[in-house]
Structure formats: structure tokens, C-alpha cells
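Residue strings, one per chain:
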Amino acid sequence: MSLYLVTILTNMTLISFIAISAYLILIVGEVSFGQQAFFGIGAYVTATSTALLGLDLVIALFFAFIVSASFALVLSFLTVRLSGLYFAVASLCFAELLRLSLYKVEYTVETNSGTIGPNGPEGFQNIRWIFENNISPENFLIIALSSLLALILFLIFMESSKLFKNARLVGKDQIVAQSIGIKPFVYRVSFITLAGGVAGFGGGLFALFNTYIEPSMFGIMLGVHGLAYSIIGGLGYPLGPLLGVFIDIGLLESVRFLSEYRMILFGGLVAAILIIFPEGIISPRLVSRIKRNLVKKTNA
Amino acid sequence: MLNIENIGKNFGGVKAVDDLTFRVDKGEIVGLIGPNGSGKSTTINLICGVFPVDLGSISVDDRNISKLPTHERVASGISRTFQNIRLFKELSVWQNVWVALQKDSYQSLGWMQEWFGNSKIQKERIKEILVFSGLGDRFDDLAGNLSFGEQRRLELARAIASKPKLVLLDEPAAGMNSDEVADLRQRILDLRELGLTVLLVEHVMELVMNVVDRIVVLNFGKKIAEGNPQDIQKNIEVQKAYLGGA
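Which chain is which? The protein sequence lines are L and D, in order.
When the letters of the first sequence are read in order and numbered with this note's numbering, they come out as residues 1 to 300.
When the letters of the second sequence are read in order and numbered with this note's numbering, they come out as residues 1001 to 1246.
Result set (DSS-like, lysine-lysine): computed pairs, CA atoms no more than 27 Å apart in a straight line:
#1 D:Lys-1165 x L:Lys-162
#2 D:Lys-1123 x L:Lys-162
#3 D:Lys-1089 x L:Lys-291
#4 L:Lys-183 x D:Lys-1165
#5 D:Lys-1222 x D:Lys-1234
#6 L:Lys-291 x L:Lys-162
#7 D:Lys-1015 x D:Lys-1067
#8 L:Lys-183 x L:Lys-172
#9 D:Lys-1127 x L:Lys-297
#10 D:Lys-1223 x D:Lys-1234
#11 D:Lys-1127 x L:Lys-162
#12 D:Lys-1123 x L:Lys-297
#13 D:Lys-1089 x L:Lys-165
#14 L:Lys-165 x D:Lys-1165
#15 D:Lys-1163 x L:Lys-183
#16 D:Lys-1127 x L:Lys-291
#17 L:Lys-296 x D:Lys-1089
#18 L:Lys-291 x D:Lys-1123
#19 L:Lys-172 x D:Lys-1067
#20 D:Lys-1127 x L:Lys-165
#21 D:Lys-1123 x L:Lys-296
#22 L:Lys-172 x D:Lys-1123
#23 L:Lys-297 x D:Lys-1089
#24 L:Lys-162 x D:Lys-1089
#25 L:Lys-172 x D:Lys-1089
Covered stretches of chain L, going by a simulated chain D footprint (3 or more residues, C-beta under 8 Å):
#26 161 to 172
#27 282 to 291
For the record, the hints were derived by calculation from the structure and aren't laboratory data.
Treat the numbers as computed from the prediction; the structure is a model and nothing was measured.
Where a beta carbon is used, it is the ideal one built from N, C-alpha and C, also for glycine.
Please construct the entire structure, taking both the sequences and the accompanying hints into account.
Here's what the structure looks like:
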């Protein structure tokens, strides 16, 4: 595989984490413009754990998950009474607040390989984990892809649980959900928290892969892309966000020969997809139809 | 059973419900009627906890529920249908009932089954409810593909699935023809046979007059009359409210 292809695939894998985290919040009926901040927190935590503290990959990513999930938990409690547009704006404010605070975080250590540690606007440089451990780009892709695969399998398994089913009911119609005895609060809090953790995990991998991170990388456009991927891909099944990422980045890369015109083509295509598939490609409707057909076949 | 005491609710400056008091006894079918905008649906929403009451108290079986959130009121035995049908249209008929079996007292399953399994017992229970509601042959169909009358029946099925003591029906006959109203009337009487108590908010007098034991009449959020159907029909105040007299 060429290095170009490996890099593209790795980027697609990493951005999938943010798409899935947007997807998890969309399931409970909210739109978050703030997942990029949890991605960023995960990146900083992982960078600190590996470069400054010298921790293992697994422990570093575990910390990334826990810390960003805790921040998301705070967000979910702060926004208990908000929904719709107001939740979207609150999530964006929260994200920007966290991102801008990163400009003020300075703690650097001089080493043989240069300055490491968060250094305000200059970011966190020299995250040398992949060099220290001799991880080739292919191997890193395998690490990222297998984590993504594990996450997807987990989500597919959880789709059939009451937790996910009830969460979808809350997302569709909160008043009906309440009037059949579901407590929306529980599902909102757990999904927003889980989404934060997932984004943080992806951010952790991103920091290791990129070897350099700075606060400006985690701006709103990152979160908007994540949202767009899961909306294009559809909210019916955990594979939806992946499909969205695949269509978006895959397409953008494949039409690179069009140079500056490709964004125009891309914008038009996203619009066209949403006209043809208003609920995304793998929509809840499509999934329920496929499931019903499967059940009929097994019964016949 | 249901005891409503001096409840009030303001929306801005409008008194949607004003010092309303009435009670529904166990096994009764009580009708709540009134002209448009008289506060009937608001009353239902207050009982369910969609909005909190500003004043007064609502109690079920002598337990004050006016401060509880909606899902806890459901647990204490209240369920409802909606004026504008609110089903999960992309789910099948049986799934729409299944969602209401949140705490199913009919079974004791392990948590794995509770969380992942649609066990046989549950399906049998759902089938039973659907047959009772006249939807036995639509088990696997999509809720969105049902006719209007069938969707109403499915809402009713979902409402009784949580094993409530009190069912609140919010204009179940809206948009029905007279055959469907007759069918609905029988279904409401069936609910009483099951031992349920029913509070019926309705415009269709053909239904109300023929099914309820007692009627409470609202106008501008206030109770203007209460009594059995014959008395209400003769009541001058009620006639004025409906005919728009001074």
C-alpha cells in the first residue's frame, strides 16, 4: 500500500470516531456542535500521558476516554433543561470554552528531542510515541482500524439492548417516551458522556498519528464535518457514520485532479445525497425494513 | 382513585385551568368536555405531568403526584393516548406495544434477557394486548401503514400495555366516522371490564353521552357543571357555553 493511501485511510479512521460520537448524540435527538472539543481533550490527554508521563498506549487512550467523557458528563448536566437549537448552541459554547482554555495551558519540558508539553498557542510538539515504538504507518493504521472495528461491533451489539432502543425512542419523541415510563434524563446523560469518550479516544489516536497538536485544530469545522458524516450516512445503524466518512473523504480524494473545483462538486453532491436520502443513506426506516424482511425470511 | 383539587395553570396571562376540582372513582368512566380552548387537553397534560401545576394538587390513590416527573406518574399507574396520534411509525405494531412494557410485571427475567431479549413470554403478552385491541392480525405491520382508526386502537393498546390503573383518553374519536365511534365505545367499555378507570376528554357527544357515568364540563378553564349525561344535556350553563350565549 502506498503511504498516500495509508495516510488517507488513517485519517478516515480517526475522523470516524468524531462522526460516531456525533451519531450517538443524534440518536438521543440532540445535535451537538461540540464534539471537536472532546476530540481535542483526548488528543491533549494522550499526548501528555505518552510524551510527558511515558505511559503505555492502552493506558493513555483509556485516560483520553475517561477525561473527555467526564467533560461530556459535565456538559450533559449543564444542559439538562436544554434541547434542540439551545442544546446545539450550548454545546458549541462549551466546546469553544474548552478549546480556548487550551491556549492558556503551558507546561513544557526540554528533552533531547526538543520541547515537549502543551505550550499555549504553539501547541503540543514532539509527540514521538510512534517513533519511539517503531510503529510503521501501516501498523498504526491497523491499531486505529481495529479500535474502530471494536467500537463498531460493540455498538452493533448494543443496538439490540434496551438502553439503545429506549434512547432511540427518547430521540424520536420525548413526550411519548416519558408517557410510557422512560426517564429521558438517564439516556441523554449516558449517551452524551459516551459520545464524549468516543471522541476523546479518537482524538488520542490523532495526537499520536499527527505527532503535533494545537488548539486551532479542534475548531468548529471539525465538529461540523463529524455531524455531516453521520447525517449523510444515516442514523439507522452504527455503520451510517462510516459510510458518510467514506463517501465524503473518499470522494474528495478521488477527485483531487479537479483541484479547486472539487469542493464545489463535493458540496453539490452532499446536497444531492440529502435530497435523495433526506434521512441519510442508512436511515432508521431502511434499517427497520431490512430487519423485517430478514425476520420474514427466517420465519418462512 | 384520581383526586384533583383546586388545580390552576397559567400560560402567560391566560388562565388555561382555573381552580379546577373533580374526582374520578375507581372503575368509573368520566367524561371531560367543553368548547375548544376550555382547558381539557391542558388538564390531561397536567395530570400526566407534561406541565407542572401552578396551584393545587393531583393525587392518585391518596398519593400526591403533582410534583412527580412524567415517567414516575406512569409507574404509579397512569397512562394516556394523544389527541394527535403519536406512534413510532417506522416501528412495527408489536414493537409499538413492546416499548410500553418497560417494567413488565408479568415476567421475571435475568438482566441479559431483560436488556437483549424479546422473549416468548413478552411476545405472547403483546399478542394478547393486540388481540384485545382488535389488531391481532396486524402484529408485524408497520405502524405507519395502519389506517387512522387502527392507529387510534394501537395508541390504546400501547396505553394499556403498561398495566395502568387509570387511562386518560385525549379525544380518541376525533376524525372518526360513526361506525368507528361505535367500535370505540365498545372498546372503552371493555377497558372497564378489565378493571380500569377511564378519564375521557372528547368533543364527539355521540360517544360521550353513551359511554360515561359522569361528565365534568369546562369553560374557560373553570368547571361549570358536573353530573350524569342526562342532567348535563339539560343544563342551561352548558348549553350557553356550547351555543355561545351570554
